[in-house]
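Colleague: This is what each chain is made of:
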Amino acid sequence: MRKVLILFAAIAAAVLAAAPAQAQQTIKVGVILAYSGQFADPSAQMDNGIKLYMKQHGDSVAGKKIELLRRDTGGIAPDIAKRLAQELIVRDNVDMLVGFALTPNALAAGDVSAQAKKFMVNMNAATAIITTKSPYMVRTSFTVPQLNQTLGTWAYRNGIRKAYTMVSDFGPGHDGEAAFHKGFKDAGGEIIGAVRYPVANQDFAAFVQRAKDANADAIYIWTPGGPQPAAIGKALAERGIDPNKTKILGQGELTSEDALKNMGDAGLGIITSFHYDYNHQSAMNAAFVKAYNEAFARNPDMFSAGAFDGMHVVYEALKKTGGKTDGESLITAAKGMQWESPRGPMRIDPETRDVIQTVYIRRVEKVGGQIVNVEFDKVENVKDPFKAAMKN
Amino acid sequence: MTSSALTEPQRYLEAQIRWRPVEIAFWLATLLPFVLAPNYLVLASQIAITALFALSLDLILGYAGIVSLGHAAYFGFGSYTAGLIAKWGWGEPVTGLLMAAAAAGVLGYVSSFIIARFRHLALIMITLGFGLLLAEAANSASWLTGGADGLQGVRMWKLFDVFAFDLYGTTAYSYSLAVLFLAFLVARRLIGSPFGLALRGIRENAVRMPAIGAPARAHIRKAYTIAAVMAGLAGALLAQTTETVSLETLSFARSADVLVILILGGAGRLYGGLVGAIIYMVARDQFSGINPQYWYFWIGTLLILVVLFLPNGVLGGMARLMRFARSRA
Amino acid sequence: MIASVFGVLFDGFAYGMLLFILSVGLSVTLGMMNFVNLAHCSFAMLGGFVTVTLTDQLGWPFLASLPLAFLAAALVSVAFERGLYRRLYGASDLDQCLLTIGIVFVSVAVAAYIYGTIQQPVTLPSYLRGTVSIFGHSLGVYRLFLIGASVAITATLIAALEYTRFGAQVRAAVDNQRMARGLGIDVDRVFAVTFALGSGLAGLGGALAIEIVGLDHAFAFTYLIYVLIVVAVGGLGSITGSFVAASLLGISDMAGKYYFPELGAFLIYFVMVALLMWRPLGLFGRR
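Chains as they are written, first to last, in the working numbering: chain X, 1 to 392; chain W, 1 to 329; chain B, 1 to 287.
Treat each hint with caution, since some may be false.
Claimed, not checked - To list a few chain B residues with every Cβ distance to chain X over 10 Å, as calculated:
id : residue
1  : 7
2  : 15
3  : 87
4  : 92
5  : 93
6  : 112
7  : 129
8  : 152
9  : 161
10 : 162
11 : 186
12 : 213
13 : 214
14 : 257
15 : 258
Claimed, not checked - Below, a list of computed lysine to aspartate or glutamate pairs in the DMTMM-like style, where the Cα atoms sit at most 25 Å apart:
id : chain 1 : residue 1 : chain 2 : residue 2
16 : X       : 290       : B       : 56
17 : X       : 133       : W       : 14
18 : X       : 185       : B       : 56
19 : X       : 28        : W       : 92
20 : X       : 290       : X       : 217
21 : X       : 261       : B       : 56
22 : X       : 212       : B       : 262
23 : X       : 133       : W       : 23
24 : X       : 182       : B       : 262
25 : X       : 117       : W       : 166
FYI, nobody ran anything at the bench for these hints, they're computed from the structure. Ideal placement from N, C-alpha and C gives every residue a C-beta, glycine not left out.
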């Protein structure tokens, strides 16, 4: 009899321990990022963006405390991302899911957000269709078509008639290629050659040589970042391509802070389209960069900005709902939200729940001894053109 | 030849197949998560899937001695096949599972003709090459596989028309566990048969085996195909229970992970893959929760310690400890 | 067109030379002692980080940091060999795999912890940057330097192997370890020294690689595959084999990308599988 009682007590204790604590005064936010592996640095920057926002605005909203639960996907792992999202909701009772550096992970978690009806903030993953996965999801970063189709149109409007494109041979690269081609050709330009290079490619000499042989007005390059921009810059210099004669165009990752540091003078003259740079001239951004440097001893980048703005949406939505955390209330509060971000003006499209922002056209120049991106043109209020086209 | 010489190998094999109490306890323990850890069932189902994958590698690595650095090719192939079948409209889980496993088996059978002809480093690198080539092909064929974004639109019907794949993972774990158990029974029978003995002979000395009447290459091809079917089964399970498929299922990282898991648990032992999968994935989940950025460090340290103190994997080390304890008793 | 062919060949050969320096140590030690050291690229990574620390944070000139990259990797490898590897010489291949993979995991985590996960910068002296015109072809100066350094290293290694007593002992140990021991050669000492040299070369390779392929915390993983390919295709225990295999792979990789960019990464794996099916022991392998 005693043994049965002890067994009973043990099982009861185990069940109670497994049951989550119901704390009505906390809002639990599940943060799913690729903290380890190849995408550790972008994830660290995103985490920093979240931390900075909370530092500046306090860790309570609408009378409740915000609690972050961080989970690591280890890289591209939609099965793990999905499981983590499920566990956060089922086991830890989170009220919303944020983060998502990578598209496959965001897509998988989107399924869970839709099924469980939980608010989700995609702070980085940039493939256009992601927001269609769940009616409770918003995005606060950018979409690949938004930046690249705009660049294509801009290129034609600024005198470029023949372009040669080279992109990384995987999803986002293909998307960039398709978007640039569309923008450029729709405006009247001619694509005289298009090549896709292997994802893990380290040496660009062969590809740059082919581009040179094609004799275009401009070479468009899409790279996700990492060691490639530096290698591209060097290949361009080694093969003797003059950025004044042949324009080099690309998405902002080509000229990120790291890339410019490694490229050196080889990067001067490259033109990119992007939504955020730490060198953006505005009072708000200057303050943001300063605070970021004080807290983390480095400059913010687009990952930091995406996460920072993502937390802004979380806080403002909670203020609007008065602390209610169900998916329906939060998404209604988030739709149409408009504010001034360190990157410039930002809006959440009420129809697509995606980001509407200014796309800046920048050129790499030497300013005060530093090699930076200098914004010299911009296109405002850019919606995601891919989803806009899907409607028609 | 006396009758005792004929029955010795038979009795040895029978001893292998007999169920030991600790095994029965193990399988009963796999039912515990339903009761004790109902919030961890999704993790449990992924552990079961990894265990099945590791078991399939054990068949060729532990028993036949074929070191493969590209076994994820069959896992991923099964995964994509199951995903595509569901995407194209047939969402019934069990038939989809069987079709995907068969497809992986065909791929395994075809590649086995090349695999069986090589040994040592050349074999390792050829398996690696095949795996990398398949992964590249899947990336290029993004019209079919969805490329880097992964396969979208995989929707499974209810299992046996009753059990839906839900957020809690109850159906997922039951399904995966059942498939693992059935595959395990098959593997057990195989290992405990003359075929299994022949495989071990091939592992020890492939040149000699034909001399005693065991066709080495044919046996290797058979074992490799069966291992491919099992790996495909595991991959298909993952696709069905998570309703996602990504290029990662074909990656070198997955092949390397399963190899580490098997060596950790103890290759050449029936439960090696299962034990390795449980330890590795639970450790990874825990370390990752404590320290998302540096869990690698702890896993690496765990591996080093296991090799130093438990040679031949956890099961190998434990077997040695048991022998030591028994000799002292 | 010919100019571009030559350019492609030149760049490919330079890349191949980098792979050679990274791989030659593993080829010889694997051939000699059959010890599966998958942590070989961790030593390469160590050399790379030593150079980064010296040039970026302490302001050393690049060339001066190279011998230190070599030494640091060699010394650390001696520590590992004495402390850990020695215990597993008799262990199964699988156990050696597991141990060295564990070391790779730990090294990647440590690198991430100390240096972060970003791309590491390297500042080259001005005389190693840019291009120079030779016979009308514009060739990268750094790549010329890389080729020159590799050829010098190869020549030194082969000369040492052929003309010194130690070299003879190494050759004997690779050919037939048991016999060499029987002849009174202290194989363990020969192996220890060879292992240190091989790891040192890997460290040097890691330092030289930064400019060509970049360096980050995951280098030890990323380059493991390429090094294994060179070692397998070249043949275990053969310096010439590694040289030829590395050149072949570097050039075919580059040529493939130039002439068949749609094939992309396929080519290098395809070439490897084909070569291994033709010559399972590697191009210059013996056993």
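Colleague: Beyond 10 Å from every chain X Cβ: check whether that's true for residue 214/B.
Modeller: For residue 214/B, whose nearest Cβ neighbour in chain X is about 3 Å away, the distance does not exceed 10 Å, so it is violated.
Colleague: Going straight from one Cα to the other, do residue 133/X and residue 14/W come out at no more than 25 Å?
Modeller: violated, 54 Å
Colleague: Looking at residue 258/B again, its CB stays over 10 Å from all of chain X?
Modeller: Given that some Cβ of chain X is not farther than 10 Å from that of residue 258/B, nearest at about 4 Å, it is violated.
Colleague: Is the hinted pair residue 28/X and residue 92/W satisfied, with a Cα-Cα distance of at most 25 Å?
Modeller: violated, 36 Å
Colleague: Just want to verify: residue 213/B was marked as not at the interface with chain X; is every Cβ pair farther apart than 10 Å?
Modeller: violated, 4 Å
Colleague: Verify the proposed pairing of residue 133/X with residue 23/W, using a straight-line Cα cut of 25 Å.
Modeller: This hinted pair is violated, its Cα atoms lying about 44 Å apart.
Colleague: Are all C-beta atoms of chain X more than 10 Å from that of residue 92/B?
Modeller: Given a closest Cβ separation of 29 Å, the condition holds.
Colleague: Would the hint linking residue 261/X and residue 56/B be met if the CA-CA limit is 25 Å?
Modeller: Holds, at about 12 Å.
Colleague: Has the given pair, residue 290/X with residue 56/B, been kept, meaning a C-alpha gap of at most 25 Å?
Modeller: It holds: about 24 Å lies between the C-alpha atoms, which stays within 25 Å.
Colleague: Please work out if residue 117/X and residue 166/W have their alpha carbons no farther apart than 25 Å.
Modeller: Since the Cα atoms of residue 117/X and residue 166/W sit roughly 14 Å apart, the hinted pair holds (cutoff 25 Å).
Colleague: Can you confirm whether the C-alpha distance between residue 182/X and residue 262/B stays at or below 25 Å?
Modeller: Distance of about 21 Å is within 25 Å: holds.
Colleague: Looking at residue 161/B again, its CB stays over 10 Å from all of chain X?
Modeller: Per Cβ check, residue 161/B is outside 10 Å of chain X; nearest 30 Å; holds.
This entry does not satisfy hints 1, 2, 6, 7, 12, 13, 14, 15, 17, 18, 19, 20, 23, going by the numbered hints stated previously.
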